[in-house]
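Q: Line by line, the protein sequences are chains V and S.
Residues 19 to 399, numbered by the working numbering, are exactly what the first sequence covers, in order.
Residues 19 to 399, numbered by the working numbering, are exactly what the second sequence covers, in order.
It is worth saying that the hints were derived from the structure and are not from the lab.
Errors might be hidden in some of the hints.
A pair counts as met if it fits within one copy or between any two copies, since identical chains are not told apart.
Said to hold, decoys possible - Subject to a maximum C-alpha distance of 30 angstroms in a straight line, what follows is the list of computed DSBU-like cross-link-like pairs (lysine-lysine):
hint : residue 1 : residue 2
1    : 90        : 265
2    : 265       : 208
3    : 278       : 90
4    : 38        : 208
Remember, predicted model here, so these are calculated numbers, not experimental data.
Number of protein chains: 2
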Amino acid sequence: MRAVAAIGIGQTKVDEHWDKSLKELAGDAIFAAVQDCGIDHIDGVYVGNMLSASANRQQNLGAYITDWIGAKNVGALRLESACSSGSAAFRAAFLAVASGEVDIALAVGVEKMTDSPSGEITASLATAASADWEADQGLSFVALNALLMQRYIYETSWKHRDFANFSINAHANAMHNPYARFHMPLTEEKFVNAAMICDPINLMDSSPIGDGAAAIILVPAERVSGKIIRVVGSAAATDTIAVHDRKHPTWLSAAERSSKTAYAQAGISPQDIDFFEYHDAFTIMAALSLEACGFAERGKGPQLALDGAIRLDGALPVATMGGLKARGHPVGATGMYQLVEVIEQLRGTAGENQLDKAHIGMAQNIGGSGSNIITHILRND
Amino acid sequence: MRAVAAIGIGQTKVDEHWDKSLKELAGDAIFAAVQDCGIDHIDGVYVGNMLSASANRQQNLGAYITDWIGAKNVGALRLESACSSGSAAFRAAFLAVASGEVDIALAVGVEKMTDSPSGEITASLATAASADWEADQGLSFVALNALLMQRYIYETSWKHRDFANFSINAHANAMHNPYARFHMPLTEEKFVNAAMICDPINLMDSSPIGDGAAAIILVPAERVSGKIIRVVGSAAATDTIAVHDRKHPTWLSAAERSSKTAYAQAGISPQDIDFFEYHDAFTIMAALSLEACGFAERGKGPQLALDGAIRLDGALPVATMGGLKARGHPVGATGMYQLVEVIEQLRGTAGENQLDKAHIGMAQNIGGSGSNIITHILRND
């Protein structure tokens, strides 16, 4: 397959965009990406979205968004894999270019969640879990993650307070990201005293929902001259849809599998990753991701937060623009935000948050309670 | 890209399957397809579905179905483009094999519609149209098609009765298809006297919804010995999401575009197509498809039905196993049913409905009111 380069990026602020429709949000991100790279047409459109059927009463987003941006008559698809829908769209666009099917692919993730009553959104988010064994029994997504965190704390003897730095780091990094939903520093005291949501997960363990869109333009690498951002790893893996069906519920086997495949594609090992945009929907997911991807030993994920290794000046910076926790988690768009942020770092345009060493970046997007995980590795040359 | 062959097919009867869940339906089709070709593993799963978020409160179908069939840890995706979701899944599977990304791809379309109140299904189907300009104004899908049919009759001076043979042919062909929802012959008298749904569309212009699943296994053609069914054309195109935004509402430009691309890929012209599994959700769509794909002159589609050209013994057999009209239209699965039926004909296993000449078959799947159209051409060698 052909080498693929990311040449254009665009994003909207994650926020409550009551004045913008779903297509306007997507369009804002797309037009920014198009302007960023100056292309004059698009050959294929790949849309990541999870909730529009219920939250916006609009499906068929491939045609809907392609129509809105005036790219009539190109092929267009919507990809859905719950909260990893964004990177599913990126992966489809990547494969379309890599295979030679299209020359200029547009991937966009979009989600508009804040127009709907929160109870409806909670119920819709639960469609990512097993309807039969989880959602219909009353388990919301935060409840599933709370069970995982309870189990993890029981198995490892970490305390809830030990997860504080995951959120503190995310909030610190979001301070300088104009597209982040939150611009407020977090302290350990605020973290431990935050309102309880579902024991042991409190408000400061949890990422906020939001409206937003992020877009990336991909082309064959051979068409790019000068500095180039390459997609060197792209892999997806699944696990059981219901958490209780897993032999080891606190091990994200699909994260392990997809990251190992991506490392092999890129010809690298975890030690070569300069920074990691992980899927910190809840602090427990941050810890589990670090372990499954080979950055921490099993049961030792929180140590990286306690040590400060995850900070911008640490050995493995994570959530460098705020992560899901503080940039926000517009679910079907999140994977695209992560990838846009990786590209900002690789370009050296991450502003106040720019890393000194940003040569190889990884983004990992988790759908369901770890049931559909997609990992990408990008490199600048 | 590599040549791709279809080696396994499976389908369930289109029916009211109140005793089967969404995953059981999908599993039945998948296990039939696996048994059909005797593979021992799957490398990638591509699921076409439109309505599960609302009708089944289950999304994340890539992981959900992959888990159910025991193919843990492979990459899996759900594709959605309204009523063309089925062939979107097939196209994704085809591209995955063609590109070399996977060696054994499973495409499955599944929809379970009959557990929900029909008003809910009608509202959910309307999410394929423009929420802003069509659905939220009260236009259901049948209403949109009725407006198109009114306009077409006004432009062409055909009478409603002239569309009868589209439905009569479909019902005749379904008589010998055990997987079809309807096994009842239709006469012109029954057609013209059927209950009015939305003038001029009556019950016998309309395809029935249903529950069902259909699956196909794709592999590189080089791995197949002996008789082989190749995918020689695969193309998608979009049009405006709202019908009123089209300069010529009665011309399916995305059907024209995607079929022309597919003809070019296959190195053929419309005259080389031996049979056509078209998207006869309503009789008006049958006529418009024949015209846009080059089988009839503009405004002359119904002539092919009046002449009998569309029958099994005609010049261009269509809906050879009953079409959407009589096999049934489980929306997100329909595209996969069409392709399974093409493969049955190309294999020579279409039973009583077997065509004498079935060397090149075409399937076309329409999402929205023509907003997202996907065309495939398959050939036996």
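Q: Give a verdict on every hint.
A: Hints, one by one, checked against the model:
no.	hint	in the structure
1	90 <-> 265	between (48 angstroms within a copy, 13 angstroms between copies)
2	265 <-> 208	neither (35 angstroms within a copy, 59 angstroms between copies)
3	278 <-> 90	between (39 angstroms within a copy, 16 angstroms between copies)
4	38 <-> 208	neither (33 angstroms within a copy, 49 angstroms between copies)
The structure is inconsistent with the numbered hints 2 and 4, although it conforms to all the rest.
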